[in-house]
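These protein sequence lines map, in sequence, to chains W and A. Heads up, the final residue of the first sequence is numbered 241 in our numbering, and it's a clean run with no missing numbers. Heads up, the final residue of the second sequence is numbered 1219 in our numbering, and it's a clean run with no missing numbers.
Hint data in this document are derived by calculation from the structure and do not stem from the laboratory. Remember, it's a predicted structure, so these values are computed and weren't measured experimentally. Idealized CB from N, CA, C, for every residue including glycine. Among these hints, one or two may not hold up.
Distance windows between CB atoms, simulated [unchecked claim]:
| id | chain 1 | residue 1 | chain 2 | residue 2 | range |
| --- | --- | --- | --- | --- | --- |
| 1 | W | 72 | A | 1037 | 49 to 57 Å |
| 2 | A | 1061 | W | 179 | 52 to 60 Å |
| 3 | W | 133 | A | 1115 | 33 to 41 Å |
| 4 | A | 1110 | W | 240 | 29 to 37 Å |
| 5 | A | 1115 | W | 17 | 21 to 29 Å |
| 6 | W | 68 | A | 1064 | 56 to 64 Å |
| 7 | A | 1202 | W | 64 | 41 to 49 Å |
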Amino acid sequence: MSLIAITEVRKRFGTNEVLKGINLDVAAGEVVAIIGKSGSGKSTLLRCINGLETIDEGSILVAGAQLADDEVHLKALRLKVGMIFQGFNLFPHLTAGRNVMLSPMVVKKVSAKEAEAEARARLAQVGLDHKFDAYPDELSGGQQQRVAIARALAMRPLALLCDEITSALDPELVNEVLQVVGKLAQEGMTLLMVTHEMRFAREVCDRVVFMHQGRVHEIGPPDIVFESPKTLELRQFLGMA
Amino acid sequence: MSPFTTWDIVRNLLLATQWTLLLSLVAFVGGGAVALAALLARTSRNRWARRGATLYIELFQGTPLLMQLFLFFFGLSLLGVNVPPWLAAALALILWTGAFLAEIWRGCVEAIPRGQWEASASLAQSYFEQMRHVILPQALRIAIPPTVGFSVQVVKATALTSIIGFVELSKASTMITNATFQPFVVYGFAALIYFALCWPLSKSSQLLERKLNVAHRHH
């Protein structure tokens, strides 16, 4: 039984169809990278999974929670799947600790004390327990992204969606974030990540999805996808043709 | 020689100023509450709530406050509801203030980056939870200077209520002028009083704007 089941998903922006019938199943504990050119629909697919975009056809199911465009369904879905963004999107008016505590308190009605303990534990997990009282603008990009990961983890999601989470970082800060993600993968977190970090995808992922023009063009284990791509488009994308 | 001393004039003007202040305060606080409701409706997911709020805002922004006062005062009387001047004045000013504040605040809410909505939505927050904990606290900072600035308009707008017979500073000026035949002295003092009320407000709006811009975002 797969944790995330994406079936025949189609998505249009106006007349432009960006997802043309996507099928993808992700098992619990699996780490999947989505690669492809910009405009291939990979970010849109990710954003559909937790309902940041609506879909026109098909269905998305995460651990029994169905994607539907109403607050009850969206909340149920979003309690199962967390998301990390390219631009971190920390709440600038709250400290790192408060960023992590907010949603457990207001959505899950966890007490302040429990939420704080959870926040300290999650910040420790990303190596930032000493930054509990720092505001986002006092943190580096890499630290902000790690707080964003801690914030998502505090909601105890079954899966995490990572949307190009290192693309906005200075090169020297990329590794500290990838290390955290790698550790999560080892610990069995289900991860679905859009990424340009090919080396990381190769080392950490169980499967790689290559998207092209709104379709899953190739899919397979990283050594097969990267070593012996079957299609011309993937060879071109990998710089082998 | 007039039987009225200058002190008589000033004293009576100051007495009437209380009503100008009270009406301004009522309009501002009531208008703020109405504006908050209109803002939530205007930015909600419900299409009918959005349309209703837009209609209200455009109606009250697109007609003169004087007409609104007349409609509340004379219009409701025609329908058989007897409205005293103070009530008509308060109602019209509350709704007029609410329409303008709602639009000012909507601008501030829309200045908050989309990523803040997406991040809070991804953390399973409902629309009201997002507004309450993520969006409004940030929007409030940028809303303070224009809101304080608009309060100057509210104070000046209370002068219009003199026309439907509410005795505030302007109405009192006219009445005192009719008794003393000293329009220049009376209206001169009235203008000074208005200025004394408005100038600190617009000055503090400027100061707040500078302070909130320069300061760290979170202090």
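Against the structure, the hints:
no. : hint                       : result
1   : W:72 x A:1037: 49 to 57 Å  : 24 Å, violated
2   : A:1061 x W:179: 52 to 60 Å : 54 Å, holds
3   : W:133 x A:1115: 33 to 41 Å : 23 Å, violated
4   : A:1110 x W:240: 29 to 37 Å : 46 Å, violated
5   : A:1115 x W:17: 21 to 29 Å  : 26 Å, holds
6   : W:68 x A:1064: 56 to 64 Å  : 47 Å, violated
7   : A:1202 x W:64: 41 to 49 Å  : 58 Å, violated
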